[in-house]
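Chain by chain, the residues:
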Amino acid sequence: MFKIVEREEMAQGTVIRNVIDAPKIAKKAKPGQFVILKADEKGERIPLTMADTDPEKGTITIIYMVVGKSTARFKDLKVGEGYMDVIGPLGKATHIEKVGKVICVGGGTGVAVLHPITRALKQAGNDVTCIIGAKTKDLLILEDKMKAASNTLYVCTDDGSYGRPGFVTEQLKDCLNEGGIKLCVGIGPVPMMKFVCKMTKEYDVPTLVSLNPIMVDGTGMCGGCRVTVGGETKFACVDGPEFDGHQVDFDELFQRLASYFEEEKRCYNEYCKLSESKL
Amino acid sequence: MAEKPAKKEQIGRQPMPEQDAKVRARNFDEVPFGLEPEAAILEASRCLQCKKPACVEGCPVSVDIPAFIKFVAEGKFTDAISNIWRVNALPAVCGRVCPQELQCEGKCIVGKKGDPVAIGNLERFVADYERNNRLAPMPEKAPATGKKVAVVGSGPSGLTVAGDLILKGHEVTIFEAFHKPGGVLVYGIPEFRLPKEIVFSEVEGLEKQGVKLICNEVVGRTVSLDELFEEGYDAIYLGVGAGLPTLLDVPGKNLIGIMSANEYLTRSNLMKAYLFPEYDTPIILGKNVVTLGGGNVAMDSARTALRLGADSSRIVYRRSRAELPARGAEVHHAEEEGVEFHFLAAPLEFKGDDKGRVIGMKVQQMELGEPDASGRRRPIPVEGEIYDLECDLVIIAVGAGANPLLTQSTEGLELNKWGYIVADPATGKTSKRGVWAGGDIVTGAATVILAMGAGRDSANSMHDFLTRGW
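Heads up: the sequence lines are chains A and B, in that order.
Counting in our numbering, the first sequence runs from 1 upward without gaps.
Counting in our numbering, the second sequence runs from 1001 upward without gaps.
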């Protein structure tokens, strides 16, 4: 078992942070890599990009939004309990180098994935501007950490309840207009990444995105996570999870993410009913 | 004595009792029930006990077939299993999945005139008898050598290496990337052909002998080969399998509902998606399912689709029936269960609806031309003969490639042009000192027993290295 040593509810309990005892993975993991977690015998294998690692303590951190049965099951795990299976680190690490001015754009729980990458980019000597967004103030996560990891931080909320009202892309446009940006990293919901890439392409700014398609093994064996990048089929688990955002077919990715929409809904509803009946 | 052979010829091959085709096509229980002891004894009595047994030559791990069959004929089932165990750690598996018609039974002298001795069914009987009764003593272990061996991958070749080397006195640790051991025996071969409980029982047997098993460890990611050497392992065996799905490069290839057999079978077998929602992993339940390919994996996929409730399950194969690479029994079982075959047919294009889900495919009629490099007649398109097939799930079972995850992250490991590991065919030695390899990652996708044979050869060579040097 991989024990949970720390647990935090964020964004009003819709987002959970787990610090998990996984020394072998912690020792090896680099920013941008992911793990696959399975809660129990009957559980599903869920890929999540690591939000942090502590090689000395031997822990990894994951931050996830509760969206279905598997993440609801994860949420029910308490400190001292744990995951039956954790596999990793998987995928390629982010290529970190000093390029100059960098913009990191994060939306929703994508901010959690963006954090270690932002920190590493700043440590490498880049001038890092961050733009993070959420639907509303209560759903915003990791503001303080992102502030510390970047040189400048902008916050946006869709409903205007905090920071700049509107989407992250509006703030991004202002930053791009200032010029001199050498690299953009955009991580968040698929539509957000799509529009970030559309915009940075107009400004000819290279853009990295981190994808989280449906996956089973995470080692390049099943091809379930295939995405089209520059007209070629790539496996997010071994060729990614990061890709050149200007080459990614986001519409196909968005459609494929809905492969099991009905099954997921059914499973989640049954789990919620069961949880209610236990109360 | 003169009467004996005549008597043997009178006894026909004992039929394997099995579930009715209509019933079993809708459940995941194993198809054959196994022989009863009386039938096994009768079947064993058909063996001629040849002085120079051709069947043994046909067996990649050289099981002493006449000897174990003699024990069965005498009702000494425990002696029979002990005899098989000397060279084969996985008889319950081999008895079920080996292509016996091409190996032992294909060479059987009795088979020259009639049906060959049912060697596979007898092997299965003996292994099942032992698993249900637990009477045989554990094979004896040689004194500890103090040497440590890492086996990467817990499929048939890795398990064979582990089983051989633990008996030779070495410390053995198996590293498995998945959360359960067994490799293709567990993620690939369906429950109705090889119950998972049997694989786990064989693995438990190895653990009882002292083999250590570490799951969830992806060698090449969690730990590298060089780190394993630094940790004190003296030798490493790579039996990671082929593990790269071949997908098709035709329009519509990434529509929802088009998936590799690896994904389809892993979801159903390893993740138990056939028990969804009791198990959390979902699987697409096609009504009209098309499986592309003609090997065992294609048969497994098409039969799984029926069991998951498909109205129609079709196999679309680009060559003819004669070229089907699948085991004869699998083709026979698939047809009995209602799988339809479209021979000489190749996919041209997949069509989807507005949600990106597959709804049909265009198929090109083929005919056989001149033999190709594989010696089989090459399928060539018949101009203008194109037809449509309605389908909402397409499973691609046209072969596998070499998964580069481990090989690309390892220095000094020579690969061939297709990415498979180059290993000495006799010893399994690779270009990297202290590293052996065998099974599908060396040969490309093949059979369980060939992988086991490669494991046996490597284990012998590793033992020489560990006791006498490279």
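Don't read these hints as lab results, they were simulated from the structure.
For glycine and all other residues, C-beta sits at the position ideal for the given N, C-alpha and C.
One thing to keep in mind: the hints can contain errors.
[As the list claims (entries may be wrong)] Straight-line distance between alpha carbons at most 30 Å, and here's what the computed DSS-like set of lysine-lysine pairs gives:
(1) A:K75 / A:K147
(2) B:K1180 / A:K28
(3) A:K234 / B:K1417
(4) A:K24 / B:K1070
(5) A:K24 / B:K1180
(6) B:K1272 / A:K273
(7) B:K1022 / B:K1051
[Said to hold, decoys possible] Counterexamples of contact, computed for chain B against chain A with all Cβ distances above 10 Å:
(8) V1023
(9) P1139
(10) A1177
(11) E1217
(12) V1218
(13) E1263
(14) G1469
Handout entry: Enumerated hints in conflict with the structure, sorted upward
Key = The structure conflicts with hints 4, 7, 10, 11, 12, 13, although it agrees with all the remaining ones.
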